[in-house]
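Chemist: Knowing the structure of chain A, use the given hints to seat chain B on it.
Residues per chain are reported as follows:
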Amino acid sequence: MEQGGDLLLDVKNLQTQFATSGGVVRAVDGVSWDVRAGETVALVGESGCGKSVSALSIMRLVAAPAGRILDGQILFKGRDLLRLSEDDMRHIRGREIGMIFQEPMTSLNPVLTVGRQLTEPSEIHLGMSPTQSRARAVELLGMVSISDPERRLQQYPHQFSGGMRQRMMIAMAMACSPALILADEPTTALDVTIQAQILELMKGLSRKMGVAMVMITHNLGVVARYADRVNVMYAGRIVERGTAAEIYANPRHPYTLGLLRSVPRLDEPRRAKLLPIQGQPPDLSRLPPGCAFQPRCQYAVERCLREAPALESVSPGHVSACWVSAELGQKVTT
Amino acid sequence: MSIAAPVRDERTRGEPHKDEEILTVRNLSKHFEVTGGFLGGRRGVVKAVDDVSFSIRRGETLGLVGESGCGKTTTGRCVLQLEKATSGSILFEGKDLAAATPSELRTVRRKMQVIFQDPYSSLNPRMTVGQMIAEPLAVHGIVPERSARDARVKELLGHAGLPAAMARRYPHELSGGQRQRVGIARALAMEPSLIVCDEPVSALDVSIQAQIINLLEELQTGFGLTYLFVAHDLSVVRHISDRVAVMYLGKIVELTDRQSLYESPQHPYTKALLSAVPIPDPAVELTRERTVLGGEVPSPLNPPSGCVFHPRCPVAIDECKAGVPELRTVAPGHLVACIRV
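As you go down the protein sequences, you meet chains A and B in turn. All the letters of the first sequence, read from the start, carry residue numbers 1 to 334 under my numbering. All the letters of the second sequence, read from the start, carry residue numbers 1001 to 1341 under my numbering.
Bound-form chain B, shown alone:
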């Protein structure tokens, strides 16, 4: 059980090994066949994720941002093995998941957990909070004895900032923020090393979002967790991420550390995204320059030729229609897929 050495207490936890890659995704693609229409024939292929590569170091948070349909959630689901990748490889703690045996995958699934956007639809309405957190502990044989399990449930609730009495409540009795805390407690139950957070705060009220973000950060430090943080809110992603990947129509268009991305964005799409976020301060907004992108995200069934962003790009030239730009290094650790950079 050396791979799955459980971390039961933050006190026993050493400093995370910052340089070790916990997750390496290479040339990941996930294509969905679209069928239907009059004769139920094949209408085409949606390249939801198209040749995406990135890695996450232990203890780090990688933000994955983009607008709806850009493939950020599908990327997360492929990492979690909830979707079978069409091609490419995913290495988790050094193990190629495509080559893993079913029992190895079972271990991997414990070590990789997920927190969903809508905690209500991911909680069972007929189970109490305590039962929901205890179930995986029993199923995976992590805490086989019942009394120890109850104690562990209480401890986990405490980690998520909930009182122990919450164990007897049902999901409908909880507020949105409390439900999200239950989802977090349940993810922690498996003593994971990587958590995929899929829009964990976007369904919550503004005043509650900050509570959950702070909690996620505290848990990361306490348990040495690694996060793949999938979200569309650029302000939130900036706050929580060490590095950020920007996706557009299934591709990563820019990938770099937080500071470079927000202070010197290179890809025209990243620049437009950042400029579209309104700042909660009228004095700032008055003087702020804005690039409002024209058009909309094209249909992934029929993506544009060459660079998929060229029809909306303010700096596109003829060459952009011809070739798909490669994600290349423009500065140390700063990757951009644009020939105009």
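Isolated chain A, as found in the complex:
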């Protein structure tokens, strides 16, 4: 709510399913969220919560035939991406929406030079000549602080370190000055000092260029530092949403609260014992009736067994999908 920008991305009731041998998995189960121009929105959750599939759905990169977007709308600058032709979609990917993946080595082409991969987007999408695109590539490498760009352009991805490969991914995503970047666990594979470098770089670029960012991560620290608004996901649904400040100071879903309590914090006195969330992550093909988090929830009441709660407002700009969210607010503050 702090960000006053126009609505850039509006995901409405998105449903993405996968057919597996164990049954249908509703990876993303009727999820709605949005991103305003220039803001950084986080999708947080643990493995299998549907955060990556949400990003892949936006790019329409869900692997068919097993994966299928069943329903919903993905309005980007007012146009429904789910209704675009494959040809039109290609003009969106890379040109309007950039993507950064977790493991850069698997998303870079090992047999093409860095230069070739960095010039391709500007040649295809912006119609630049080879000379222009090469100058742009040099500029991009400078932007992501890779020194000696002329020499680097002739190298191959394997000659880059992990941190440099991720910088190169960022440069590629920025090549056509997109309005939105989807970053899926951009620093999870990196060491902590390199993680800090990359995140500072991304945040700086997003501010400077006014690019909106969707940051998909399981790291609550990263979210706290870099996100304006946060969507917490569990078992294919958003269970809580609010500004980062609000979510951390006043969590109103037991899962969010559990996550925040379970991590040891460097800035707090060491606790004698950690407070984990009990139980195991859910099996998406065998979800319980009612609230998916209920088997692990210490605040669960009888109603949670039968009815799945919808997202309800708990304070301005802050929603939570929990039958006891009101009581939870009192419990946490007292």
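FRET-style restraints, in silico, Cβ to Cβ:
1. A/Glu103 <-> B/Val1330: 36 to 44 angstroms
2. B/Val1315 <-> A/Ser145: 17 to 25 angstroms
3. A/Leu275 <-> B/Val1330: 30 to 38 angstroms
4. B/Ser1089 <-> A/Ala135: 55 to 63 angstroms
5. B/Val1330 <-> A/Gln132: 52 to 60 angstroms
6. A/Arg286 <-> B/Pro1163: 12 to 20 angstroms
7. B/Val1341 <-> A/Ser145: 25 to 33 angstroms
8. A/Arg303 <-> B/Asn1124: 39 to 47 angstroms
9. B/Ser1299 <-> A/Pro289: 54 to 62 angstroms
10. A/Leu75 <-> B/Ile1317: 56 to 64 angstroms
11. B/Ser1053 <-> A/Ala310: 55 to 63 angstroms
12. B/Ser1299 <-> A/Leu75: 43 to 51 angstroms
13. B/Arg1290 <-> A/Ala135: 27 to 35 angstroms
14. A/Arg303 <-> B/Arg1106: 53 to 61 angstroms
These are computed hints drawn from the structure, not numbers from a lab. Glycine residues also receive a C-beta, built at the ideal position from the N, C-alpha and C atoms.
Modeler: Then chain B, alone, in the frame of chain A:
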């Protein structure tokens, strides 16, 4: 069998002897020769572990932290005798492992167990959980009778927080946290005194990490275990360790008790590492000062001269390029390898 006196039950276990050094590592080095290239010749030597010394007292947890390639895992593997050290000595329960006979080493291997990062790749997909835990009990002749073995397997599963019915399951049927519990039960089967935990929670979901850390702590108290806890997550290491060693490019750069390390870190690398960890609280992050280190960890094939950290160090001076700083005592029990401290 006095050295290997098995601890079958936490009730029979006395207070750990806090002052006794269970493991002493002196000047440990492990160098790997790198060959290859066009003519398959020798390209150089990687000093994965370079002149590392530390000790662990019985019942204590020593955290070994650092970024990838710093040598923390190799150090653990040398301790476990899974790698042959290039030089230096490792004393376990007073015995120099380099001089140990094969049968002595067999006993030592029982007493030192390991918990790996990825429990899936360290479990046999074709064996049930019960078979995997029972196998070492049979091989080492710890519980020779089959029926007693089944009972022991159940007991071990219980210690690891798993129901007895889990014995009939296969690894693929388990979640990541459950697999890690199986790995823990299997390590416990040998009644070890020292467990090397190599990134035991970094592959697990956040909500499960705390479960496993709590379990490791309970087992430590219950069985008087000693841990060498190898990890990159500084928050987790702070929670579980009594003392912490920070490694960078094969060397220990700082070694002290938990409180000193986290409250008054001395080495510039330790300070940078700590400041790079984001705190899960936007209010704190807003006001927090940060030193973002420039550059990356140099290639261990061609490490920098002098102090290996100097190219990235915010306080480096010319002298840092010349000599390798010694790990010296700056306060009681606080060792730092930096001439600027």
